[in-house]
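Turn these sequences into a full structure, and let the hints guide you.
Going by my numbering, the sequence shown opens with residue 860, and the numbers climb by one from there.
Keep in mind that a hint or two might mislead.
List time: in silico SDA-like cross-link candidates among lysine to any residue, alpha-carbon distance up to 20 Å [as the list claims (entries may be wrong)]:
id, residue 1, residue 2
1, Lys865, Asp923
2, Lys938, Leu921
3, Lys861, Gln904
4, Lys865, Glu899
5, Lys872, Gln904
6, Lys865, Ala935
Listed next, with one range per pair, are the computed distances between beta-carbon atoms [to be verified]:
id, residue 1, residue 2, range
7, Leu931, Leu885, 22 to 30 Å
8, Tyr897, Glu942, 12 to 20 Å
9, Leu956, Asp902, 14 to 22 Å
10, Ser891, Lys947, 38 to 46 Å
Honestly, the hints are just simulated from the structure, not real lab data.
We put the CB at the ideal spot given by N, CA and C, even for glycine.
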Amino acid sequence: MKKTFKSINELIKEENSFISSIPNNLGINLCSVKGIEYEERKDGQLESLKILFLPDINDINLIDTSTSEGKLLLAAVAKITTESQTDKTPNEVLEQLTELSAKMK
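Right, here's the structure in full:
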């Protein structure tokens, strides 16, 4: 069997139609997906498929600012911490936002 890994960026660039099934059918935000790994039989049939997730962002320096979601998150953390709305560090604010987000799911 042949094992293959494709990153989420590769899949998006390929304009592979099945990629939409991850958020649409599984309810998984593509921003949290690292990629997929699959095994294919010699006859071309799919043996297994894994969705690999990115680790939780718990450090402000790990926010991907190349995406609109990342920019928005960074802006929210900056606004909260710089406008005297809290005495917490940016990483503590990020941790609280992550916890709040998990409760909302």
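Consistency of the hints with the structure:
| no. | hint | in the structure |
| --- | --- | --- |
| 1 | Lys865 to Asp923 | holds, 19 Å |
| 2 | Lys938 to Leu921 | holds, 18 Å |
| 3 | Lys861 to Gln904 | holds, 11 Å |
| 4 | Lys865 to Glu899 | holds, 13 Å |
| 5 | Lys872 to Gln904 | violated, 23 Å |
| 6 | Lys865 to Ala935 | violated, 31 Å |
| 7 | Leu931 to Leu885: 22 to 30 Å | holds, 23 Å |
| 8 | Tyr897 to Glu942: 12 to 20 Å | violated, 47 Å |
| 9 | Leu956 to Asp902: 14 to 22 Å | violated, 47 Å |
| 10 | Ser891 to Lys947: 38 to 46 Å | violated, 24 Å |
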